[in-house]
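Each protein sequence line maps, in turn, to chains A and B.
All residue numbers for the first sequence refer to this note's numbering, where the first residue is 1 and numbers rise by one.
All residue numbers for the second sequence refer to this note's numbering, where the first residue is 1 and numbers rise by one.
Among the hints, a few may not be true.
With a straight-line Cα cutoff of 25 Å, these simulated DMTMM-like cross-link-like pairs (lysine to aspartate or glutamate) come out [said to hold, decoys possible]:
#1 B/Lys19 / B/Glu44
#2 B/Lys46 / B/Glu58
#3 B/Lys19 / B/Glu58
#4 B/Lys19 / A/Glu54
#5 B/Lys19 / A/Asp193
Calculated directly from the structure, the hints in this document are not laboratory data.
Predicted, not measured: the structure shown is a model, and the values here were computed from it.
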Amino acid sequence: MSALLWLAVTIAVYAIARAAYARTRLALLNPALVSIAAVIAIVLLTGTPYERYERGGRFLSFWLGPAVVALGLPLALQLATVRRNALAITAGLVAGAVVGIVAAVGTARLLGAAPAVVASLAPRSATTPIAVAIAARLGGIPALSAAVSIVSGAIGGFAGVGLLRTIGVRSPLATGLALGAAAHGLGTARAADEGRPEGAASGMAMGAVGVLTALLAPLLLALLTR
Amino acid sequence: MARFAAGLAALVLLDQLGKWLVAVAHLAVPGSVVGMLLLTILLELKVIPLELIRPAGELLVRHLALLYVPAGVALVAYAAAVRHDLVAISAAALASLVAVLVVVGVVVQRLEREM
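This is chain A alone, in the form it adopts within the complex (with noise of 0.2 Å):
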């Protein structure tokens, strides 16, 4: 197959994939996820190498830099809104990018996991295209940090209200940042069905913990696998 071919199918994949998400609202079928495992899937019926997968596969990954850049406009937008308690904002962010970065280093250590594993573990906090680009520059795994990003991500904004609210956090202010910077950007979204309050200081907390997991990673990471 052409480098084409393999372009417009991943963009079919994904269409398809968003439709079935948009009509059931189903965490399960998360459109990244379900897209990316439709496309392995028929990578590996069809036999074809991922480096010839990749031929297509690049008209789309050049523009993940652009993206990320684009990133900056929603947090541009909301560093407005949330100026009033930037203390207890910075406090909370920085905190929670250092134990995001230890608690994910600190646990694949000890289980032994591979140094190349380890690091791809290291972004597991940033959104996945800021994670993809970390890893990238720690010698991980790309592909693996974007996949523990999009899961665990998934998997707060399913049950990270319900935990926020067990240990007694009910501040909207607090539930917003909590879930952008646990869960980025599907932490957002269940942020912003809570209220705008929430969603506007999610999606604030994701990019900034974002920009904060990459300025810290190398440097927690070569502390702790020293």
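Chain A is fixed; fit chain B onto it per the hints.
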């Protein structure tokens, strides 16, 4: 249409500028994240008008999931490594998810009350 093209060009240029800065300064941060910070600052300072970036930026962000499908498909090449460390991967991801939820939720709620 012209504004859409200009916005898209600005996003591509900022991504390339970020990647160039990272290469020149030998930073461990991804170039696209540097580009994102540059965009945030330029929007805050009103050097770039919000309305220029908005149409192209919102389109890319809406279909972000499509853009990382090829990166995720690369998992086929690492099936053995993933299967070998599956328990560690699942435990580490879950530990990180819960830790971030609890720490951000509790820290923000505490400090917010004091203000």
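Status of each hint after checking the structure:
The straight-line distance between the Cα atoms of lysine 19 of chain B and glutamate 44 of chain B is roughly 22 Å, inside the 25 Å bound, and the hint therefore holds. Between lysine 46 of chain B and glutamate 58 of chain B the alpha-carbon distance is near 18 Å, which keeps this suggested pair within the 25 Å criterion. For the suggested pair lysine 19 of chain B and glutamate 58 of chain B, the alpha carbons sit about 22 Å apart, so the restraint of at most 25 Å is met. A threshold of 25 Å between alpha carbons decides the hint, and for lysine 19 of chain B with glutamate 54 of chain A the separation of about 21 Å falls inside it, so the pair holds.
With a C-alpha separation of about 36 Å, the suggested pair lysine 19 of chain B and aspartate 193 of chain A falls outside the 25 Å cut-off, and the hint is violated.
In terms of the numbered hints stated before, the structure departs from hint 5 and from no other.
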